[in-house]
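Trainee: Sequence:
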Amino acid sequence: LSPTMSQGNIAEWKKKEGDAVAAGDVLCEVETDKATIEWESVEEGFLAKVLLPDGSKDVPVGQVVAVLCEEEADVGAFASYEPAAAADDGDSAGAAPAASEAPPASSPDLPNLSLPPHAVLGMPSLSPTMSQGNIAEWKKKEGDAVAAGDVLCEVETDKATIEWESVEEGFLAKVLLPDGSKDVPVGQVVAVLCEEEADVGAFASYEPAAAADDGDSAGAAPAASEAPPASSPDLPNLSLPPHAVLGMPSLSPTMSQ
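In my numbering, each number is its position in the sequence shown, counted from 1, plus 3.
There may be inaccurate statements among the hints.
Claimed, not checked - Cross-link-like lysine-lysine pairs, in silico, DSBU-like; alpha carbons within 30 Å at most:
| # | residue 1 | residue 2 |
| --- | --- | --- |
| 1 | K143 | K162 |
| 2 | K142 | K185 |
| 3 | K162 | K144 |
| 4 | K18 | K37 |
| 5 | K144 | K18 |
| 6 | K17 | K143 |
| 7 | K17 | K37 |
| 8 | K19 | K162 |
| 9 | K144 | K19 |
| 10 | K37 | K162 |
| 11 | K37 | K142 |
| 12 | K162 | K142 |
| 13 | K143 | K37 |
What the hints assert, rightly or not - Now the in silico label distances, taken between C-beta atoms and shown as ranges:
| # | residue 1 | residue 2 | range |
| --- | --- | --- | --- |
| 14 | E75 | E210 | 42 to 52 Å |
| 15 | D77 | E199 | 46 to 56 Å |
| 16 | E74 | G204 | 47 to 57 Å |
Since the hints were derived computationally from the structure, they do not count as laboratory data. For each residue, glycine too, the CB sits at the ideal point set by N, CA and C.
Based on the sequences and whatever the hints tell you, model everything.
Mentor: Spelled out as structure tokens, the structure:
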């Protein structure tokens with residue numbers, strides 16, 4: 004949820020076990036050290052099991068926190084669901100913690116030192132299995148002030164359109180990919196945020212490739228986008244009805260837990 008976030012807290016579930024879930028519905032609110040962000044579902048189904056309650060702290064990215072099933076009648080089958088037990092059967096839940104160790108998509112803590120203080124913003128992973136997204140529409144333009152919680156842009160996945168909220172404050176110094184950009188890999192640098200309004204002009208000719216030559220973080224993003232997803236709902240526990248395990252999502256390019 005922010006360029007430096009390494010874990011998240013579950014502030015409050017907005018859905019309870021048994022509730023129907025549509026793409027775009029808010030599953031829960033996730034707290035970082037800087038803001039509280041809504042986690043929107045990109046799947047539809049029924050919330051079969053909540054594994055971590057409101058107030059759970061320091062949850063690593065990829066840790067299984069809930070299960071979504073396809074049919075309402077199957078909710079009861081997950082009453083005693085445990086990720087550890089499911090892992091023994093070869094399903095995806097056990098894979099999630101390991102995925103949280105994947106390298107971050109970019110490292111805004113390592114800016115290009117020849118430029119004013121800034122953070123590079125890569126395409127965030129807005130669901131546990133998202134590997135790419137489309138930029139539907141920027142809600143901020145170059146030069147605009149950005150506060151924590153402001154919507155930077157709308158990101159389309161194959162299942163839903165989700166608002167990408169900033170957890171940093173500053174000024175949008177550079178937009179690298181315009182409205183309508185398709186199939187953008189998670190982690191690919193799409194924008195730059197600087198600290199001071201007076202510094203916006205310094206990024207007029209900013210190019211991630213050139214910045215990478217100076218050792219900044221932007222060039223690391225594409226490679227990191229190949230990291231495994233936080234969970235793999237395509238590999239469910241075959242002893243249970245059809246379902247998807249939901250791991251704590253990586254909601255920013257470098258969020259690892």
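Trainee: Confirm or reject each hint.
Mentor: Against the structure, the hints:
1. K143 to K162: holds (24 Å)
2. K142 to K185: holds (17 Å)
3. K162 to K144: holds (26 Å)
4. K18 to K37: holds (24 Å)
5. K144 to K18: Since the Cα atoms of K144 and K18 sit roughly 34 Å apart, the hinted pair is violated (cutoff 30 Å).
6. K17 to K143: holds (28 Å)
7. K17 to K37: holds (20 Å)
8. K19 to K162: Given pair K19, K162 holds - Cα atoms ~22 Å apart, limit 30 Å.
9. K144 to K19: Since the Cα atoms of K144 and K19 sit roughly 37 Å apart, the hinted pair is violated (cutoff 30 Å).
10. K37 to K162: Measuring from Cα to Cα gives roughly 28 Å; hence the hint holds.
11. K37 to K142: With a Cα-Cα distance of about 21 Å, the restraint between K37 and K142 holds, given a limit of 30 Å.
12. K162 to K142: holds (21 Å)
13. K143 to K37: holds (20 Å)
14. E75 to E210: 42 to 52 Å: With a Cβ separation near 51 Å, E75 and E210 satisfy 42 to 52 Å, so the hint holds.
15. D77 to E199: 46 to 56 Å: holds (54 Å)
16. E74 to G204: 47 to 57 Å: holds (56 Å)
The structure does not agree with the numbered hints 5 and 9 stated previously, though it agrees with the rest.
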